[in-house]
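A.B. asks: The primary structure of each chain is shown beneath.
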Amino acid sequence: MDESVSTVLSRYIREDLLPGFPALDENLSLFEAGVLDSLALIKVLLFVERRFGVRLGMKDLSLASFDTIAQIAALVEAQGKDR
Amino acid sequence: MNDLYAAWQNLGPLYLFSSPAYLLALPLAVGGHWLLPRRLRNGYLLLVSYAFYLSWDPRFAALLLGSTAVDYYCGLEMEEAGRRRFLLGLSLTINLGCLLLFKYLGFFCEGLALLLSPIGLAPSCSALHLIVPLGLSYYTFQKVGYILDCYQGRVKPCRQPVDFALFVSFFPQLLCGPIERAGTLLPQLQGLRGLDGAACSRALYLLTYGLFKKVVMADTLADFVDRVFAAPAPSGAEVLLACYAWSLQMYCDFSGYTDLARGSAALFGVQLSANFNLPFFSARPREFFRRWHITLSTWITRHVHYPLLFWLGGRLQGRWGLSARGALLLGNVLAGLATMTLFSFWHGASFNFLVMGPYLYGMFALYDGVAGLLTRATAGWLPRWAELLARPLNRLVVLHLLVSIFVMVRPTSFPQLQRMVAGLAGGFDFRAMGTSEWWYVGLGLILFFTHEFFQYRGGDELYVTRWGFYRQVPFYCCLFFFALQAGASFSQRFIYIQF
Numbered sequence: 085m086d087e088s089v090s091t092v093l094s095r096y097i098r099e100d101l102l103p104g105f106p107a108l109d110e111n112l113s114l115f116e117a118g119v120l121d122s123l124a125l126i127k128v129l130l131f132v133e134r135r136f137g138v139r140l141g142m143k144d145l146s147l148a149s150f151d152t153i154a155q156i157a158a159l160v161e162a163q164g165k166d167r
Numbered sequence: 009m010n011d012l013y014a015a016w017q018n019l020g021p022l023y024l025f026s027s028p029a030y031l032l033a034l035p036l037a038v039g040g041h042w043l044l045p046r047r048l049r050n051g052y053l054l055l056v057s058y059a060f061y062l063s064w065d066p067r068f069a070a071l072l073l074g075s076t077a078v079d080y081y082c083g084l085e086m087e088e089a090g091r092r093r094f095l096l097g098l099s100l101t102i103n104l105g106c107l108l109l110f111k112y113l114g115f116f117c118e119g120l121a122l123l124l125s126p127i128g129l130a131p132s133c134s135a136l137h138l139i140v141p142l143g144l145s146y147y148t149f150q151k152v153g154y155i156l157d158c159y160q161g162r163v164k165p166c167r168q169p170v171d172f173a174l175f176v177s178f179f180p181q182l183l184c185g186p187i188e189r190a191g192t193l194l195p196q197l198q199g200l201r202g203l204d205g206a207a208c209s210r211a212l213y214l215l216t217y218g219l220f221k222k223v224v225m226a227d228t229l230a231d232f233v234d235r236v237f238a239a240p241a242p243s244g245a246e247v248l249l250a251c252y253a254w255s256l257q258m259y260c261d262f263s264g265y266t267d268l269a270r271g272s273a274a275l276f277g278v279q280l281s282a283n284f285n286l287p288f289f290s291a292r293p294r295e296f297f298r299r300w301h302i303t304l305s306t307w308i309t310r311h312v313h314y315p316l317l318f319w320l321g322g323r324l325q326g327r328w329g330l331s332a333r334g335a336l337l338l339g340n341v342l343a344g345l346a347t348m349t350l351f352s353f354w355h356g357a358s359f360n361f362l363v364m365g366p367y368l369y370g371m372f373a374l375y376d377g378v379a380g381l382l383t384r385a386t387a388g389w390l391p392r393w394a395e396l397l398a399r400p401l402n403r404l405v406v407l408h409l410l411v412s413i414f415v416m417v418r419p420t421s422f423p424q425l426q427r428m429v430a431g432l433a434g435g436f437d438f439r440a441m442g443t444s445e446w447w448y449v450g451l452g453l454i455l456f457f458t459h460e461f462f463q464y465r466g467g468d469e470l471y472v473t474r475w476g477f478y479r480q481v482p483f484y485c486c487l488f489f490f491a492l493q494a495g496a497s498f499s500q501r502f503i504y505i506q507f
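Chains as they are written, first to last, in the working numbering: chain U, 85 to 167; chain W, 9 to 507.
Keep in mind the hints are simulated off the structure, nothing from the lab. Quick caveat, the model's predicted, so the values are computed rather than measured. Each hint should be verified, as a subset may be incorrect.
Stated by the list, open to error - Derived coverage of chain W by chain U (criterion: at least 3 residues anywhere in the stretch with Cβ under 8 Å from a Cβ of chain U; other residues may be distant): (1) 311–322; (2) 481–488.
Stated by the list, open to error - From chain W, some residues computed to sit far from chain U (all C-beta separations above 12 Å): (3) Y58; (4) G105; (5) L286; (6) G344.
All C-beta atoms, glycine included, are put in the ideal place defined by N, C-alpha and C.
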C-alpha cells in the first residue's frame with residue numbers, strides 16, 4: 085500500500101531535513117516550531133515536487149497554506165487531482 | 009523629609025535594575041503583591057509598573073497609556089468582521105507613527121539636510137530631535153505583535169482592560185524587553201500565579217548572575233572601552249582589546265539586564281522568555297540570530313520576513329522565467345536583506361545601524377558561500393585531525409565576524425573611527441598597557457566563560473539551580489566577591505535602554 089503524503093513528509097523532515105527531530109504532529113505549525121525557515125521551505129518545496137511529481141506555484145503557497153504537514157499534504161493531493 | 013528624599017535620590021534611578029533604589033524597592037513590591045487578595049494583584053502590579061515608568065519621566069506615561077487604550081480598543085473591535093482591516097491600519101499607523109516621530113524623524117531630517125546642502129538649502133533639524141520615550145521600541149513591537157495576532161486569529165482579544173494594560177506595561181520587561189507574544193504572556197497574567205521554591209531559586213540565580221554580568225563585566229569593560237574610544241591617539245593594542253571588550257560589554261550589558269528582568273518577573277510568578285542563548289558559541293553566523301536578542305529576531309521573522317518572502321515570491325514568479333523555486337530563492341535574498349536592515353535599524357536611528365544591516369547580510373552570505381565551497385572541496389579526504397582542528401577554527405572565524413559587526417556601531421563620529429583605524433595601523437605593543445587593574449576582570453572572565461561553557465555543554469542555562477545547597481553557596485559567594493571588587497559602581501548606563 086502507498087504511504088500517505090503526510091507520512092512521507094514527516095519522515096523526510098525527521099530523517100533528512102532535521103535528523104533526530106522528534107515525531108511531528110500533522111497540525112503542528114512548522115514555522116512556529118522552528119522546523120521550517122526560509123531555506124528549509126525551499127528544500128521542502130523541491131522535495132515535494134520531485135517526490136510527488138507536482139508543480140506548486142506561488143499562488144498555492146502562503147504562510148497560511150504551507151505551515152503544517154496536513155496543509156502541505158492537502159496542497160499536494162489537490163494538485164494530484166487537478167492533473 | 010527632605011533628608012529622606014535626598015537619601016533616596018542617592019540610591020540611583022528606580023527604573024535601572026542594577027541601581028540600589030530598584031534592588032531595595034523590588035522586595036517591597038513583591039511582598040505587597042503576594043499579600044494582596046488574588047483579584048487585586050493585577051491592578052496592583054499595573055500601579056507599580058506605572059510608578060516605575062513615572063519615576064523616569066511622567067510625560068511619557070500618558071503616551072504609554074494612550075497608545076495602550078488604542079490597541080485595547082482595536083483588538084476588541086477586531087472581533088467584528090467588517091472593520092478588521094481598518095482597525096489594523098489604525099493601530100499600525102498610530103504605533104509606527106509614534107516610533108517614527110520620536111525615534112527616526114530627526115535622523116531622516118538630518119539626512120535630507122545633508123542631501124540638500126550642495127544646493128545651498130540647510131533646514132534646521134534640532135527641533136526634531138525629540139527625547140525617545142524609554143522602552144518605546146519594545147512596547148510598540150509587543151503591541152503590534154498583539155494586534156497582528158488578533159488580526160490573524162492567533163489569539164483572542166483581551167477583554168480585561170487592566171490585564172491588557174499590564175501586558176503592555178509589566179515593569180520587568182517594559183524598558184528593554186523581552187518582547188513577549190500575547191499568547192505567552194497574557195495567559196500567565198490572567199491565570200493563577202504561584203511562587204514555589206523552584207521559582208525562588210530561579211529568581212535568585214537570574215538576579216545574582218544578571219547583576220554580575222552587568223556590574224562586574226559590562227560596567228568594568230565599559231570604563232576601558234570608553235577611555236580608548238575617547239583617547240586622542242590610542243595604541244593598536246588598546247584598540248584591538250577595546251574591540252573585543254566592546255563586544256563582550258554589549259552582550260553582558262543586555263543579557264545581564266534581561267536576566268535581571270526575568271529574575272524580577274519570576275518573583276511575581278511570571279516566566280519571561282529567554283532573550284539570549286550563549287550567542288558567542290554560534291557555529292555559524294545564521295545561528296547567531298537564533299541566540300542573540302531572540303524575541304526581536306523571532307518577531308521580525310514572523311511578522312516581516314515570512315510575509316515578505318511569500319509576497320515577493322508571488323510577485324516574482326513568472327518574471328524573467330522564474331519558477332516558484334527561483335522566485336522563492338530570489339525573494340529570500342531580498343526579504344533577508346530587508347529583514348536584516350530592519351533588525352539593525354530598529355536598534356538606533358544612526359548611519360552606523362543603517363549600514364550594519366546590509367553589511368550583516370553580505371558577510372553572512374559570503375561566509376555561507378565560502379564555507380559551503382570548502383566543505384564540498386574537502387569532503388572525504390580531510391584527515392581526522394584536520395576535521396577536529398577545523399571546528400574551533402570555524403568558531404574563531406565566526407566570532408571575529410561577529411566582533412567586526414559589533415564594532416561597527418561603537419564609533420560615534422567619523423574622526424573617532426579614523427583615530428581607531430590609525431591606532432590599529434600603528435602596530436601592537438601590549439607591554440605598554442598597565443595590568444594592575446585587570447586582575448579581577450581576568451578572573452571574572454574566567455568564571456564567566458567557564459560558567460557559559462558548562463551551560464552550553466549541558467544545554468541547561470539554569471544548571472546551578474539544580475545543585476544542592478552546599479554547592480550553590482560557593483558559586484554565589486564568588487559572584488558577590490566580584491561585585492564587591494567592582495566597587496558596587498551602580499552604573500546609570502544600559503546600552504539597550506537607549507534603543
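A.B. asks: Identify every previously stated hint that the structure contradicts and give their numbers, smallest first.
C.D. replies: 2, 6
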